[in-house]
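Peer 1: Put chain P on the given structure of chain C with help from the hints.
Protein chains: 2
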Amino acid sequence: MATNRRLLLVRRPHGEPVPDDFRLVEEAVPAPPRNGFVIRNHYASLDPAQRGWMDDAPSYMPPIALGSAVRATTVGIVHTSDNPDFRPGQWVLGMNALEDYSPMTPGGFTMAIDVSRVASPSHFLSSMGAVGLTAYFGLLEVAKPEANETLVVSGAAGAVGSVVGQIGKIMGCRVIGIAGGAAKCRRLIKDYGFDAAIDYKGKSVPELAAEIALAAPAGADIVFENVGGNVMDAELLNLARKARIVLCGLISEYNSPDKIGIRNLWQVLAREAVLHGYLVTDFVPRFAEAGTVMARWMAEGKLRMDEDIQVGLENAYPAFMRLFSGANTGKLILKIA
Amino acid sequence: MATNRRLLLVRRPHGEPVPDDFRLVEEAVPAPPRNGFVIRNHYASLDPAQRGWMDDAPSYMPPIALGSAVRATTVGIVHTSDNPDFRPGQWVLGMNALEDYSPMTPGGFTMAIDVSRVASPSHFLSSMGAVGLTAYFGLLEVAKPEANETLVVSGAAGAVGSVVGQIGKIMGCRVIGIAGGAAKCRRLIKDYGFDAAIDYKGKSVPELAAEIALAAPAGADIVFENVGGNVMDAELLNLARKARIVLCGLISEYNSPDKIGIRNLWQVLAREAVLHGYLVTDFVPRFAEAGTVMARWMAEGKLRMDEDIQVGLENAYPAFMRLFSGANTGKLILKIA
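Going down the list, the sequences are from chains C and P. Residue 1 is where the first sequence starts when you use the numbering used here, and the numbers rise one by one after that. Residue 1 is where the second sequence starts when you use the numbering used here, and the numbers rise one by one after that.
What the hints contain is simulated information worked out from the structure, not anything from laboratory work. Check before you lean on any hint, since a few could be wrong.
Repeated chains share a single entry, so a pair holds when one copy, or any two copies, can fit it.
Calculated pairs, BS3-like style, for lysine-lysine (alpha carbon to alpha carbon, straight line, at most 30 angstroms) [claimed, not checked]:
#	residue 1	residue 2
1	Lys259	Lys203
2	Lys169	Lys201
3	Lys242	Lys259
4	Lys144	Lys242
5	Lys259	Lys201
6	Lys203	Lys169
7	Lys201	Lys190
8	Lys144	Lys190
Isolated chain C, as found in the complex (with noise of 0.2 angstroms):
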């Protein structure tokens, strides 16, 4: 009889998650909830969000809590249901939990996916899902770039940053990308197109902020920032007049119990800039709409998303922290099944 591995939260993190943060149990694989379905999961989304989401602090979605398991957007198939729109065997994308096996109801981010066009279901938890839609809406409807602003992208070999500078590129921005090392700043111009690479390993905020100014003279219309802390703090040295900040994440933050801040907020008020928080959650209605734009998009070449694919549920606390050493490249998912 098959049984649902779980990897479990129990305890919250200090500073950096610990294996000993986490417990990977062995349980029954439950029964469909009444009007839901259960699915085997195939893909897990391995994302910085998830380490805010284990501290117990006021967030947009609740702390997960102690016991359960961790909370993560996966793709699955149908197994058992006790509601007609799902069938076992169809694919169903939701926010679930890093587990075999996960029941479902219908409605919140639950939804049917059509895999067969695309080349690999995990595509769900990259391209076109909310991770490549994040890099779209965040770009294309706060930010609102026009042709030749300047684009500063942080986290710019992540994910969401390397959509987000060629979806700018493709605007006809001059798109500067920050990264660390390399390696990675090599990948920025050679396979993402961007204009200019800047790597921040090693480098205090002034000499970063001298770096962003050399490659951006005039400063930046928009940063979409991923980052926070020095990185934000040397790019907020370099804002044009009113420019427009997309705050869509903070990793350098999330595994620091004594954040150090951002010291140059200043900035923003001498350059009248205007800081958008930033969730993808309002557009999750327009998630088709923009998944067939990127699919064109990545036909037309213009656009392409590395997957980071790690496998095994016993792999996931070694696989996550790839996410905050920087060793990731590309989407990282975690392969289930």
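Peer 2: Just chain P now, kept in the frame of chain C:
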């Protein structure tokens, strides 16, 4: 023969300004520039922004050059003129300096003012001037308050904050002020009609955040930020979803060479808040229109603006420091003549 006393900036302050950063000199009264004029300054505005201009850092205005007089908004009377539109005896407002006599040219912030309709010409540096109108446009045009919204104002007993809170009440908001000390908090309630007042002194960020939460259980729809630092971090823990933050000043940081920074920026993302870096300059063409509204509210007893008038150019340094010690009550103005 008259001489021109001038307060020069002779050294950039490191942190809190000290007397040796300045030197009071006596020079000859200047001749009017071509097509310009010279005014005898009567009142000078002392503002937190001047501290920023003393630093050699990128900002919305160039730093005050070492060896030149400290930039200040002043009102005075035309003394000598080479311009028929500004005859001797005419009152004028402009961006000048802490000095007895200032050479001026038309344009920019220079404007002739009609002091016959105000109790004191100093009002053009407070309620009728940039400070009162900074509150007016920042709240009404940037935050756009609606009735029954919750407005949290920091630096609430200050020149800008006290007006923001009063206009918030006129607009039907629930207004919570944060100020330093019991006496100021009493004034917020008694003199300015705030709904609640919170004393930030001696409180940690969690303690202050808990007090704000008690006063604003559903969170702040609008934060009007004049202070920054720990006060702002506590406010950020109390944002309503899609809150608007008007970033008008960061007085807690102006004298800090090692800024503590904002650690709770994550909340801006999690609450999908928008933070607007705000300068009043865009609204200068609408000053006359807004001044009329402000004057009407004052005549109707709905709005008051206190002035803290210190006397004598020779007292400019201790007068200026009242801004940072929290000693000033109302708009701080230096009477020069």
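Peer 1: Compare the structure with each hint and give your call.
Peer 2: Taking the hints in turn, this is what the structure says about them:
no. : hint            : result
1   : Lys259 / Lys203 : both (18 angstroms within a copy, 19 angstroms between copies)
2   : Lys169 / Lys201 : within (25 angstroms within a copy, 49 angstroms between copies)
3   : Lys242 / Lys259 : both (27 angstroms within a copy, 24 angstroms between copies)
4   : Lys144 / Lys242 : both (13 angstroms within a copy, 19 angstroms between copies)
5   : Lys259 / Lys201 : both (18 angstroms within a copy, 23 angstroms between copies)
6   : Lys203 / Lys169 : within (27 angstroms within a copy, 48 angstroms between copies)
7   : Lys201 / Lys190 : within (20 angstroms within a copy, 54 angstroms between copies)
8   : Lys144 / Lys190 : within (25 angstroms within a copy, 45 angstroms between copies)
Of the numbered hints listed earlier, not one is contradicted by the structure.
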